[in-house]
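Undergrad: Going down the list, the protein sequences come from chains A and B.
Just so we're aligned, residue 1 is where the first sequence starts under our numbering, counting upward by one.
Just so we're aligned, residue 1001 is where the second sequence starts under our numbering, counting upward by one.
Please note that the accuracy of each hint is not assured.
No farther apart than 30 Å at their CA atoms in a straight line, the calculated lysine-lysine pairs in the DSSO-like style are these [unchecked claim]:
id, chain 1, residue 1, chain 2, residue 2
1, B, 1102, A, 159
2, A, 28, A, 210
3, A, 184, B, 1238
4, B, 1252, A, 184
5, A, 28, A, 159
6, B, 1252, B, 1102
7, A, 27, A, 159
8, B, 1015, A, 184
9, A, 184, A, 159
10, A, 210, A, 184
11, B, 1238, B, 1015
12, B, 1238, B, 1228
13, B, 1238, B, 1252
14, B, 1015, B, 1252
15, B, 1252, A, 159
Which residues of chain B face chain A? A partial, calculated answer using Cβ under 7 Å [said to hold, decoys possible]:
id, residue
16, 1033
17, 1034
18, 1151
19, 1155
20, 1254
21, 1257
22, 1262
23, 1276
24, 1296
Derived from the structure by calculation, the hints contain no laboratory data.
The beta carbon of each residue, even a glycine, is placed where N, CA and C say it ideally should be.
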Amino acid sequence: MRRSTRVKKYIQTSGEVSDFSKLPLHKKFSIPDLLYVGYGLLIVFLVLVSYVLGAFNLLPNDPQQINMDMLMAPPGTGGHLLGTDFMGRDIQSRLILGIQAYFLPGLLAIFISLSIGIVLGVLAGYRGGYAETVITYFTNLVDSFPRLVLILLVIAAFKPDIYYIMMVMGITGVPAVANAIAGKIRVLAQKNFIEAAIALGLRTRVIILKHILWYNCRALLIIQATLGMGEAILLETSLSYLGFGVQEPTPSWGNMVQSGANYFMQGNFWPSTAPALAILFTILGFNLLGDGLNNMLEGKRSR
Amino acid sequence: MKSIPLRILAITLLKELGLASLLLLGVSFVVFVILYAAPGDPFSVLLEGQLPSEQALAGIRAAMGAQQSWYGQYFSWLHNVLGGNFGTSLHSGLPVAGELVKVSLNTLYLTLGSMLVTLCIAVPIALYSSMRGHAVAISWPLTMLGYVFSALPVFWLGYIAIYVSVHGFDFFPLSSSGASDGNGWLYTLVPVLVLGLGSGTISEVIRYLREEMSRVMAEDYIRTERAKGASVWRHAFKEGLLLPVSEIIAAKIPFILGGAVIVEQIFNWPGMGRMAWQAAQDRDFPVIMGIALVAAIFVRVGSLIQRIVYTAVNPQGARD
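All chains should be built: construct the whole structure from the sequences, respecting the hints.
TA: What follows is the structure, given as structure tokens:
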């Protein structure tokens, strides 16, 4: 529907008949959205490459090498592209290695949110009735906990293990996914093609998996996954800032900010600002990617 | 303005109160199950430095009145909590309830203040860009700024705030509520500002308000008011601003409380978040249980208020 109106607009303005899919990108989508998504994809690419580099230990310098002759060197000195921290360790290498702290746990959290969220969302939206009541209760229940408080509770009960934390993170992400899917299905259920599919005698499994989830919810799921990664990074850095995540000397962006704090107050901003900027640009990238894709694929114009 | 039908309000209030207490019951059960499933014995904390022999543990359990079966433990705990007895802290030995009231008031001040800051920034931006939807030149940088503030790690923002206030304004905001001199409340503004700017809600509030306001501005009744020459603002206020603001704030309370944990840590603010952090380190179960419950109560009260605002604005909608 959205596409046809866009195409009509294009026909009106350009005076020639053309297919939507053949339009140039900047005619199909708004410029800010393209910039958002472009920046987001760049960040995703950088994170992926850095993750692989860190996994194979292909770092520009040894991240644990202490160099007392070069404490808190400014960026660009002595082969340290981003300078050194308060123990003379290479900040660039530590930032790259810090991605290990959230990457896999973040993916795990997203996987849990999406898989449980899809099942509950389909049950609530497609089945309705009794199942919907129970699922609404469950989502409201999970939403009643501030995420960080629930995680502190789990840390108190078990241990500050990042995989436990990300499991909690995944479960607290379920309501958003479930509500989004259920809402989408409620809109779809009023459309003719679902009715037609039922009338044609297609199996419920095919309708749900192919016609609802694959054709109509994949954009929504990608968006949820992207925003989920942003939240996972925020949470991991917050927790390692609070001292419950990855422990020194293993670098994580959160504990790098925290350990640079004392020097920050003395006016040596860089050791704690570098990881803070890394957090800022990365979360910004995931958020912009999610919102940009949302505007593009769900047909909202950003202003 | 028509008066709001009180009967409908009362029914909504009762319904929402019932729902909230049902959810809080669920919350208490989840909290209990998590701590019940925890490995080890919280009572062994009391025997620090000794080998926790079964006998000693049993003695402590009996002394503190712990039940054997899990449902027995749950119901006796729930019974105590309903009577306002949250137990005593395993670490300090003080009753949790009294501490909880003190710290939750501090946290309430911090979170409500920061919401006000967020709204003071977000509402004008949202209104401006929804009223003049095509003034991209101004609204785009503002939106971008909202995104940047949302992605900014709040702990780093806190350091900047401390550094600026120490070196620029020559005062130290860390003493927070404990300051004894006359303008101690001034110090408390710094954490409130930091949480308001850095809790990560600004861009979402802007986006949501702008979408809702633009939708309302395109409604037929607004066009009619405009044609009549009546005040558009007065008619768009309820649906375009009051409802979305109450909705987004109620939805963001858990998020802001999470941010408060970090801000309280930076500024040494004697609130729930700091207490939760300490309790997580000490494995102080009664304290963390109490905090989780109070936090959930905050969230439920927020959504209760939102439902009441909704019913007051749209009594018809509440009937369905």
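Undergrad: It remains to establish, for every hint, whether it holds in the given structure.
TA: Status of the hints after comparison with the structure:
1. At most 30 Å may separate the alpha-carbon atoms for a hinted pair to count; residue 1102(B) and residue 159(A) meet this at roughly 28 Å.
2. Annotation: proposed proximity of residue 28(A) to residue 210(A) holds, straight-line Cα distance about 26 Å (limit 30 Å).
3. Between the alpha carbons of residue 184(A) and residue 1238(B) the distance comes to roughly 27 Å, so the proposed pair stays at or under 30 Å and holds.
4. Of the pairs offered as hints, the one joining residue 1252(B) and residue 184(A) holds, with about 22 Å between alpha carbons and a cut-off of 30 Å not exceeded.
5. Pair hint residue 28(A) plus residue 159(A) does not hold up; C-alpha atoms about 50 Å apart against a cutoff of 30 Å.
6. Our distance criterion of 30 Å between C-alpha atoms is met by residue 1252(B) and residue 1102(B), whose separation comes to about 23 Å.
7. Taking the CA atoms of residue 27(A) and residue 159(A), the gap is about 52 Å. The hint is violated against a cut of 30 Å.
8. For the hint linking residue 1015(B) to residue 184(A), the alpha-carbon distance of about 27 Å falls within 30 Å, and the restraint holds.
9. Annotation: proposed proximity of residue 184(A) to residue 159(A) is violated, straight-line Cα distance about 38 Å (limit 30 Å).
10. Annotation: proposed proximity of residue 210(A) to residue 184(A) holds, straight-line Cα distance about 15 Å (limit 30 Å).
11. Distance restraint check for residue 1238(B) and residue 1015(B): the Cα-Cα separation of roughly 23 Å lies within the 30 Å cut-off, and the hinted pair is therefore satisfied.
12. Among the hinted pairs, residue 1238(B) with residue 1228(B) is consistent with the structure: their alpha-carbon atoms are about 19 Å apart, no more than 30 Å.
13. The hinted pair formed by residue 1238(B) and residue 1252(B) meets the criterion: a straight-line CA distance of about 20 Å does not exceed 30 Å.
14. For the hint linking residue 1015(B) to residue 1252(B), the alpha-carbon distance of about 22 Å falls within 30 Å, and the restraint holds.
15. Restraint check for residue 1252(B) and residue 159(A): the C-alpha separation of about 28 Å stays at or below 30 Å, so the hint holds.
16. A least Cβ separation of about 10 Å between residue 1033(B) and chain A goes past the 7 Å threshold, and the interface hint is therefore violated.
17. Checking residue 1034(B) against chain A by beta carbon gives a least distance of about 5 Å; that is within 7 Å, so the hint holds.
18. At about 4 Å, the closest approach between the beta carbon of residue 1151(B) and any beta carbon in chain A falls short of 7 Å, and the interface hint on this residue holds.
19. Taking 7 Å as the C-beta contact cut-off toward chain A, the hint placing residue 1155(B) at the interface holds, the least distance being around 5 Å.
20. Taken as an interface hint, residue 1254(B) checks out: its beta carbon lies about 4 Å from the nearest beta carbon of chain A, inside 7 Å.
21. For residue 1257(B), the interface hint holds, since its Cβ comes within 7 Å of a Cβ in chain A; the closest pair sits about 4 Å apart.
22. The closest approach between the C-beta of residue 1262(B) and any C-beta of chain A is roughly 6 Å, which is under the 7 Å cut-off, so the hint is satisfied.
23. Of the supplied interface hints, the one on residue 1276(B) holds, with its beta-carbon coming within about 5 Å of a beta-carbon of chain A, less than 7 Å.
24. Look at residue 1296(B): its Cβ gets to within about 4 Å of chain A, closer than 7 Å, so that hint holds up.
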